[in-house]
Amino acid sequence: MSEIDEKLRTELQRQGIWVTSMQELYNWGRKNSIWPLQFGLACCAIEMIATAASRYDIARFGGEVFRPSPRQADLMIVAGTVTKKMAPQIVRLYNQMADPKYVIAMGACAISGGPFKQGYNVLKGIDRYIPVDVYIPGCPPRPEALLHAFMELQRKIDGQKLTGTDKAEFLKPEQLSEFPVPKFGEHDLEPPANRDVFQPPKLERV
Amino acid sequence: MELLEQIKARIESSVPGAKTDIVPNGTPSQQHSLLIDNAHALAVAHFLRDDPTLRLDFCSNVTGVDWLDRVVKKTIKIKTVVDGFEKEVDQTTEEKIPGYLEAVYHLYSMAHKHGPVIIRMRTEGRAKCAPLPSLTPVWRSAEFQEREIFDLYGIRFDGHPDLRRILMWDEFEDYPMRKDYVQPDDFEWEPTPHDEVLARAKQHYTARPELDGAEKITSHSDVATPDK
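Residue numbers (my numbering), protein chains in the order written: chain A, 1 to 206; chain B, 1 to 228.
Derived from the structure by calculation, the hints contain no laboratory data.
Bear in mind the structure is a predicted one, so any value in this text is a computation, not a measurement.
A virtual CB, placed ideally from N, CA and C, is assigned to each residue, including glycine.
Incorrect hints may appear among the rest.
Said to hold, decoys possible - Simulated pairs of lysine-lysine, PhoX-like, Cα-Cα distance not exceeding 25 angstroms:
no., chain 1, residue 1, chain 2, residue 2
1, B, Lys-179, A, Lys-85
2, A, Lys-117, A, Lys-167
3, B, Lys-74, B, Lys-87
4, B, Lys-128, A, Lys-183
5, A, Lys-101, A, Lys-172
6, B, Lys-73, B, Lys-179
7, A, Lys-172, A, Lys-7
8, A, Lys-101, A, Lys-85
9, A, Lys-167, A, Lys-101
10, A, Lys-117, B, Lys-202
11, B, Lys-113, B, Lys-77
12, A, Lys-117, A, Lys-156
13, A, Lys-85, B, Lys-128
14, A, Lys-117, B, Lys-73
15, B, Lys-87, B, Lys-19
Unchecked claim - Listed next, the stretches of chain A that the computed footprint assigns to chain B, with coverage defined by at least 3 CB atoms under 8 angstroms from CB atoms of chain B:
no., region
16, 118-129
17, 177-188
Please put together the full structure from these sequences, using the hints given.
Now the structure itself:
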């Protein structure tokens, strides 16, 4: 989009002329109707339900239509502990969602394994298999935190470009939108992490 | 409710051939338990459930315990005559106890409102799928919990109607609650490691030999002590 001078735009608006671009209109529509996938994994899901209910009311941000089918959902809120037994199903659900799709990792367990990180049965973060857009720390995060994450995601969607070399990832045909589903191995999931998606931070010896 | 000794005596008189032992519990709870032999376990369980004075009709909990091979040292003072004088000498005996797996059942009576009576069964050794008789035919509530013990400890319950893994996936080979279980090394990094977590995390740190202490210290001492 060729940038319009802000001063000119406000001046035109005063005269009753509203100038916009396809990208702005498109992103405005997308960001205000993010339909989350309806599933919860653990206690974070209770907070997610509270966010959807009347007190916090995620409908104010256009995210109230929780879809029971991945085909109709734009956003996956990974709300809770992802056990290794559950991880392949999560990845499969993500693969079944239509582009553009976004992921919020909600709570300590979903972002890193949380208090169960040292255990043998909990995945140490869902970002080992699928790309995550917004991480929310907390155990569990309060509904305000989920709303904040939702608004961050809206900001991200608003900033996505439709054309040019820096256009949004989901518009690039070569970009992967499906990721390999991990297999149940004899000792662990195989592979334990998808190296195309996840690289552990390098720690320096102290 | 009867004392455990009385229950033990009545089991042995009512179930022919049954051998039971009392496993003492030294903690303040004083919850002693009955060790029953595997061959007669089902008959003993039926007796405990159906006996009119006991009526232990509710199995509230079944759990597993893993005991590794261990050596128990016992020190006894023995009086011996040394050089014509009587002296007390410590004599230490070592007893090697081979490892075993244990299933523990907590029984209550809904009819008589008493309990718990705790019974234990022990496997021969810690082999993969070491067998024990299933008590699910006696108490239905043991079904899922015996499956859980099978899943996490690897005790095979003979006579169980549906013995499969319940928490881990079917392809899983290990028994995670056993004390010699080795976790998969999917650790990679830890923001605030300490103790054994630090030891594990260090295996994944990038090696930086030039910053490892030794060389630094020698070079520093060279600077600190100039030639006289």
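Checked hints:
With a CA separation close to 22 angstroms, the supplied pair B/Lys-179 and A/Lys-85 stays within the 25 angstroms bound. Of the supplied pair hints, the one linking A/Lys-117 and A/Lys-167 is violated, its CA atoms being roughly 36 angstroms apart against a limit of 25 angstroms. Taken as a hint, the B/Lys-74 and B/Lys-87 pair is honoured in the structure, with Cα atoms around 19 angstroms apart against an allowance of 25 angstroms. Straight-line distance between C-alpha atoms of B/Lys-128 and A/Lys-183 comes to about 24 angstroms, which keeps the hinted pair within the 25 angstroms bound.
Note on A/Lys-101 and A/Lys-172: the hinted pairing holds, with a Cα-Cα distance of about 14 angstroms set against a maximum of 25 angstroms. Straight-line distance between C-alpha atoms of B/Lys-73 and B/Lys-179 comes to about 22 angstroms, which keeps the hinted pair within the 25 angstroms bound. With a C-alpha separation of about 33 angstroms, the suggested pair A/Lys-172 and A/Lys-7 falls outside the 25 angstroms cut-off, and the hint is violated. For the suggested pair A/Lys-101 and A/Lys-85, the alpha carbons sit about 24 angstroms apart, so the restraint of at most 25 angstroms is met.
Taken as a hint, the A/Lys-167 and A/Lys-101 pair is honoured in the structure, with Cα atoms around 15 angstroms apart against an allowance of 25 angstroms. Using a Cα cut-off of 25 angstroms, the hinted pair A/Lys-117 and B/Lys-202 holds, with the two alpha carbons roughly 16 angstroms apart. Our distance criterion of 25 angstroms between C-alpha atoms is broken by B/Lys-113 and B/Lys-77, whose separation comes to about 46 angstroms. A threshold of 25 angstroms between alpha carbons decides the hint, and for A/Lys-117 with A/Lys-156 the separation of about 29 angstroms lies outside it, so the pair is violated.
A hinted pair counts as satisfied when its Cα atoms are at most 25 angstroms apart, and A/Lys-85 with B/Lys-128 qualifies at roughly 22 angstroms. For the given pair, A/Lys-117 sits about 38 angstroms from B/Lys-73 by alpha-carbon distance, which is inconsistent with the 25 angstroms threshold. For the suggested pair B/Lys-87 and B/Lys-19, the alpha carbons sit about 41 angstroms apart, so the restraint of at most 25 angstroms is broken. Three residues within the 8 angstroms Cβ limit are the bar, and the region 118-129 of chain A against chain B gives 4, so the coverage statement holds.
Counting residues of the region 177-188 of chain A whose beta carbon lies closer than 8 angstroms to any beta carbon of chain B gives 5, which meets the minimum of three for the stated coverage.
Going down the numbered hints, you'll see the structure goes against 2, 7, 11, 12, 14, 15, while the others check out.
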